[in-house]
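Protein sequences appear in the order of chains A and B. According to this note's numbering, the stretch in the first sequence is residues 9 to 329, in order. According to this note's numbering, the stretch in the second sequence is residues 4 to 151, in order.
One or more of the hints may lead you astray.
[Unchecked claim] So the derived list for chain B, only partly shown, Cβ under 10 Å to chain A, looks like this:
(1) Leu37
(2) Arg40
(3) Leu41
(4) Gly44
(5) Asp47
(6) Val48
(7) Glu49
(8) Leu102
(9) Arg104
(10) Leu108
(11) Ala109
(12) Thr112
(13) Val116
(14) Gly119
(15) Arg126
[Said to hold, decoys possible] Computed far set for chain B versus chain A, every beta-carbon distance over 10 Å:
(16) Leu20
(17) Ala22
(18) Gln29
(19) Lys31
(20) Arg71
(21) His106
Rather than coming from a laboratory, the hints here were simulated on the basis of the structure. The beta carbon of each residue, even a glycine, is placed where N, CA and C say it ideally should be.
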Amino acid sequence: MTEPPLLSLVVTGRNDDYGGQFARRFFRTLTFNLEQLADRHVSTEVRLVEWNPVPGRPLLAEQLLAELPARFRDHVTSYVVDGRYQDALSLNPRLEYLEYVAKNVGIRRAEARLVLATNTDILFSASLVDVVASGTLRDGRVYRANRVDLKLGIDESEIHHALLDNPDNHVPRPPIVPPLYAGAAGDFIMLDRKTFARLRGFNEVYRLARVGVDHNFLVKARSTGVPIEDIGAPVYHVSHMTSFQVAKNLATQDEADSLWGRRHWHNHEVIYDNPDGWGLGAAPVTRIDDRIWRIEFDWAAVAPLVDLHRVVLSGMATQPA
Amino acid sequence: MSSGLLGLFGLARLGQLRAATGRAVQLKTRMAELKERLETGRQDVERWKRKTGEATTRLAATSRETERWKSKNAGHLEELNRLLDKFRRLESAEQNVALARGHLLAMETKLDVIEGAINVLDRRTRDRVASPDPDPVAADPVATSHRD
């Protein structure tokens, strides 16, 4: 029996050209991160969840295997989730992509000791990889990282540390602060697999929003007594036209509804208690090929539309707005 | 002449006379000193009497002042207790407000979920009525995959 890897990278995406040249940006970012981790001998697996794949287009999972350097292909396991889950689970017909349910699919199936839920355009700093490789990260706590935004339009054809570390390329952004270390949390939430499973991943009860689900997870973790820490090293994010920070002021109402769903909800105060089948745990899985699995549709794996006793108060102090 | 014989005539020897005179002078001096000390003592007594009188007066004034403060502070203590009681009631009310607010937020969240479910079911019903056997393949996907 082989030893499980140290780190799982859980990402989600599909072949929909999100933000323009999505696949290219994703492959380049993933290759950069895997190279760094390999250089520091951090054993890594990648769990790609291709949620609601686009009919008539090649699978992102297949493209990834074709494009990724051969030495990393064995690191990747992809889950292609039947598109009917999006319709069956959604409580917001305008919201096109249940990102955090998708991430839960990967989190639930991760095997490494540490699980990092991140995004496909997040680049790891050298210091971050050093921290992960150091073996000092402890179980039972959530690690967060500051995100450094790189200016829109910088030459990202070749990614290297000189480009990332140069402050001239950075867009100022407030640092994460205690107690939650919130702010772009969806880009970096890392904790040990068992604690992630104990918390049952991201909110699958309030399936109306994409924005704020990451923050809501931090509230749940803290409310459950899981400490949250700054890992002490940044990640980088290359801005693009669909980045939330860029697009939130540009998108039309329809676009915003489609991209982010409900934008204002009580994600700072009200949390959730996901059912046992979180992360489509009860869904049948069939193998497409060596590294790609299909999550087949089954109503038995679909949580009820309404399960109100799973909406719970966080127990954290609430202040009048 | 012997002193006994002189004594028969009520006379004394010169030496005895001188000694007696000396003692008389000493006694006079002693008596004057005692008188002086007696006078000083009397003056002291007078002074202490005066001081005692003054102290008694001051004590009475202080007692009166003490009584006044006692009654005044009793009022303050009562006021303080009233304020403390008010503070405790406010604290309790604040906790109730926070709790009520939390429940309100939870209720609003539940209503969001219910509203979402109704919208979804409404849409499914309309789709079913409009097209009993809908084409499951969407025409043109919206680019919404991942997420930041």
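Query - Numbers of unmet hints, in rising order - result: The structure breaks hints 1, 2, 3, 4, 5, 6, 7 and 21; every other hint is satisfied.
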